[in-house]
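2 protein chains.
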Amino acid sequence: MARAATTADTFNALAEPRRRQLVDALADGGERAVNELVHRVELPQPQVSKHLRVLREVGVVDVRDHGRQRLYRLNGRALKPIHDWVSSYERLWSERFDELDLVLDDLKRKEEGDDGGE
Amino acid sequence: MARAATTADTFNALAEPRRRQLVDALADGGERAVNELVHRVELPQPQVSKHLRVLREVGVVDVRDHGRQRLYRLNGRALKPIHDWVSSYERLWSERFDELDLVLDDLKRKEEGDDGGE
DNA sequence: TTGACATATTCCTATATAGGAATACAATGC
DNA sequence: GCATTGTATTCCTATATAGGAATATGTCAA
Chain A
0 MARAATTADT FNALAEPRRR QLVDALADGG ERAVNELVHR VELPQPQVSK HLRVLREVGV
60 VDVRDHGRQR LYRLNGRALK PIHDWVSSYE RLWSERFDEL DLVLDDLKRK EEGDDGGE
Chain B
0 MARAATTADT FNALAEPRRR QLVDALADGG ERAVNELVHR VELPQPQVSK HLRVLREVGV
60 VDVRDHGRQR LYRLNGRALK PIHDWVSSYE RLWSERFDEL DLVLDDLKRK EEGDDGGE
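Line by line, the protein sequences give chains A and B.
Quick note: the first sequence uses numbering that gives the first Met the number 0, first residue 0, plus one each step.
Quick note: the second sequence uses numbering that gives the first Met the number 0, first residue 0, plus one each step.
Simulated from the structure, these hints should not be mistaken for lab results.
Accuracy of the hints is not assured; some may be wrong.
Simulated coverage check for chain B against chain A, where a stretch passes if three residues somewhere in it have a Cβ under 8 Å from a Cβ of chain A [what the hints assert, rightly or not]: (1) 9 to 23; (2) 83 to 91.
Ranges between beta-carbon positions, derived for each pair [unchecked claim]: (3) A/Arg72 / B/His65: 18 to 24 Å; (4) A/Arg52 / B/Ser86: 41 to 47 Å; (5) A/Asp83 / B/Arg2: 20 to 26 Å.
Computed far set for chain B versus chain A, every beta-carbon distance over 10 Å [claimed, not checked]: (6) Val37; (7) Gln44; (8) Leu73; (9) Arg108.
Here a beta-carbon is modelled for each residue, glycine too, at the ideal position from N, C-alpha and C.
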């Protein structure tokens with residue numbers, strides 16, 4: 000079997016650095032025409048269109064027709080699943096969670112001590 | 000050109016669902032032998048070893064020899080780049096940022112009003 | 001209609017997988 | 001040494017790209 004399709008999920012779609020660049024180019028939430036994006040990411044127009052298609056298929060961007068242009072906009076909500084997944088690991092490196100860890104360790108110790116005690 | 004190598008960066012390594020499963024199986028920060036992981040993710044042992052190799056090459060897991068076993072442990076810090084990247088978009092869906100948005104919009108409006116006014 | 005501009009699609013190819021099967025390598029116990 | 005257990009690697013194949021080039025589609029203007 001080959002690798003999962005890029006359109007399989009957001010994670011796969013964003014595994015491609017150029018697509019992340021495109022997302023970055025739309026980061027402010029504004030709309031951008033394809034040519035505008037072409038200039039920002041410095042890639043041939045067909046490639047930009049192809050990457051945008053993938054992003055569209057996983058719902059990371061939305062499109063809107065506007066005369067002869069097509070305006071793309073970031074749909075940030077689509078990134079939430081990824082954020083949720085990695086966030087559950089944030090405690091492994093963030094200092095903010097040091098105190099929480101102490102509490103959890105404490106709970107764990109108590110629970111183990113209680114084990115079968117009831 | 001084909002897709003970027005899975006070992007190119009953490010994002011590509013984790014684009015594979017099975018590898019995310021493996022990471023999840025190590026989520027508690029503890030060490031696990033390969034066979035233990037094999038049972039958890041219900042995948043043939045060679046595949047698990049191959050996926051672990053990829054994860055090791057991007058630094059998502061660490062290994063340690065222990066007799067005839069090899070103990071793998073999650074290196075959460077390696078997930079930070081991904082977290083940082085998606086987090087910068089969190090404001091696009093999180094209610095927590097609604098108020099911040101108001102402030103930023105306000106600043107923006109003022110700036111635009113000021114534009115060239117000096 | 002014709003032309004110019006904006007964007008999408010098609011065809012092609014080299015490449016990197018992921019999975020399966022078989023096997024190699026390593027450490028332990030007898 | 002030899003069998004056993006635990007893990008990694010190799011060989012094979014089908015498949016999905018990403019990029020390049022050329023071209024198709026769509027829209028506006030004169």
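Tell me, which hint numbers fail for this structure? 3, 4, 8
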